[in-house]
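Residue numbers (my numbering), protein chains in the order written: chain A, 1 to 278; chain H, 1001 to 1256.
Accuracy of the hints is not assured; some may be wrong.
[As the list claims (entries may be wrong)] In silico lysine to aspartate or glutamate, EDC-like type, Cα no more than 16 angstroms apart, as pairs:
(1) A:K155 - H:E1080
(2) A:K155 - A:D63
(3) A:K142 - H:D1144
(4) A:K234 - A:D250
(5) H:K1224 - H:D1235
(6) A:K142 - H:E1078
(7) A:K155 - H:D1209
(8) A:K234 - A:E165
(9) A:K87 - A:D63
(10) A:K16 - A:E40
(11) A:K175 - A:E208
(12) A:K142 - A:E165
[To be verified] Interface residues of chain A toward chain H, partial, derived using beta-carbon atoms under 10 angstroms:
(13) R64
(14) R131
(15) D148
(16) Y149
(17) G150
(18) L156
(19) I160
(20) D226
(21) Y228
Treat the hints as calculated values from the structure; they're not laboratory data. Small disclaimer: the values here were computed from a predicted structure and weren't measured. Just so it is clear, CB atoms sit at the ideal spot from N, CA and C, and this is done for glycine as well.
If you want the building blocks of each chain, they are given just below.
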Amino acid sequence: MSDTDYNFAYLDEQTKRMIRRAILKGVAVPGYQVPFASREMPMPYGWGTGGVQVTAACLTPADRLKVIDQGADDTTNAVSIRKFFEKTAGVAVTERTAEATIIQTRHRIPEVPLTEDQILVYQVPIPEPLRFLEPSEVETRKMHALEDYGLMHVKLYEDISRHGEIATAYAYPVKVEGRYVMDPSPIPKFDNPKLESAALQLFGAGREQRIYAVPPHTRVVSLDFDDYPFDPSKAPHACALCGALDSYLDEVITDDAGGRMFVCSDTDFCASRRGEAA
Amino acid sequence: MMPLLDVRSLTKTYGGRIGCADVSFRLYPGEVLGIVGESGSGKSTLLNCLAGHLLPDAGRVIFDTRAEGPRDVLEMSEPERRMLGRTDWAFVHQNPRDGLRMRISAGGNVGERLMAVGARHYGEIRAQATDWLGRVEIGETRIDDRPSAFSGGMQQRLQIARNLVTGPRLVFMDEPTGGLDVSVQARLLDLIRGLVRRMGLSAIVVTHDLAVVRLLADRLMVMKDGQVIETGLTDQVLDDPQAPYTQLLVSSVLQV
């Protein structure tokens, strides 16, 4: 332990135990939102308090941690969470996806396929996929319990009738193992096919006090219509830095004259491709 | 003939007060039953108990289901009752705001029941929604408008389309013409009467408006203080009322 002022990974052992129980239940019932007693963390809500608590409960001294925010390792949120665990847990950190054992992410899934030895932890702002359709928590819980998901398709219907296509581009609802409809956190729908992964995926929502999980190799289907199938779209360009055609791109404005470029949102993926090319 | 709905000694109390007491009746396929009475007479309590919105204290509600024959609705599990509520049953609220999703387009409102029972083809859902809007006399061009942009009469017709799209066999109506002006009321009644006859629906209509039951209902039940005080054919009850309260009710209608 690097800093004796803190218990390993900041949270006390009882709390981590409580969170692990919630995680185990989440793994046992894929896609089901397990309530847990979320703690105050030394960062504001919306900065990944749920993800941090799940990561803290999963970390062991032998782990190697990677933290990304919108795919990037060097943004404020990613840097501060990485430093947080360096200080409180003293674990090794990395920016290489393949080398990490635990990856905490906000809004992206890494481009490199994950393995069975890895855990992907998502930061979730609003875990309830039905929230903006049905404001009552009592009612949404009942709808999950009774598998009463017609309303989810009403939302997609409204998308098509208004925009001519399913215009939901992120937080695209999925059905897990043919049972629970789940919000995959605000990842772009381009990442939805990657939810069927070899890695364990855990979702933590700190403010809403919910944990849910997608175990390895679980069936995850994006909701759609027979005549409007799910389309994991991305910007129709190649990465301006590494030339990748199959990665999710960020649009970067370069000047005030309309100049712009598209670059990989996954910085590690882009850097390692350029390293290989050089 | 097997009754579609067989109600036996249905009782609902609110603490010491009686909601409805010992109500029994049978409804046969294709029949429209009117329930009339003054405010507070237990009409709406009875209707909500029948439709599964309220849990009665005693009694049985036996519905002749499509798949399994007569079953006691009150003993069904919640998922079964919900399934019934969006396939074989329909509930038309007095206030269309209670029965519609105001922030979703007319087409989405009609399509919701279809999607809830598993329709997953956008084109077919839309075609059915268009067809049903036409049947309730709402223009095809309004399909993507929200109900909040509709007049009261149109909202009520939209609510009816949304309820009938899955081809129910039993429709519960709670004051379907309440709050509408008389000319709109007349058109709505015409429409309901046409749909009921064409689709062979059974319906239970709760109202305090005797003119509505005169037009729609085959049989009539008069309620007072939670009790059924008179039943019979509609014309018989209205033209030759026996119970003193019914006589009062009939003579209270204002003549133009």
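Legend entry - Structure versus earlier hints, numbers of those that do not hold, lowest first: Of the numbered hints given earlier, those the structure breaks are 1, 2, 3, 5, 7, 11, 12, 13, 14, listed in rising order.
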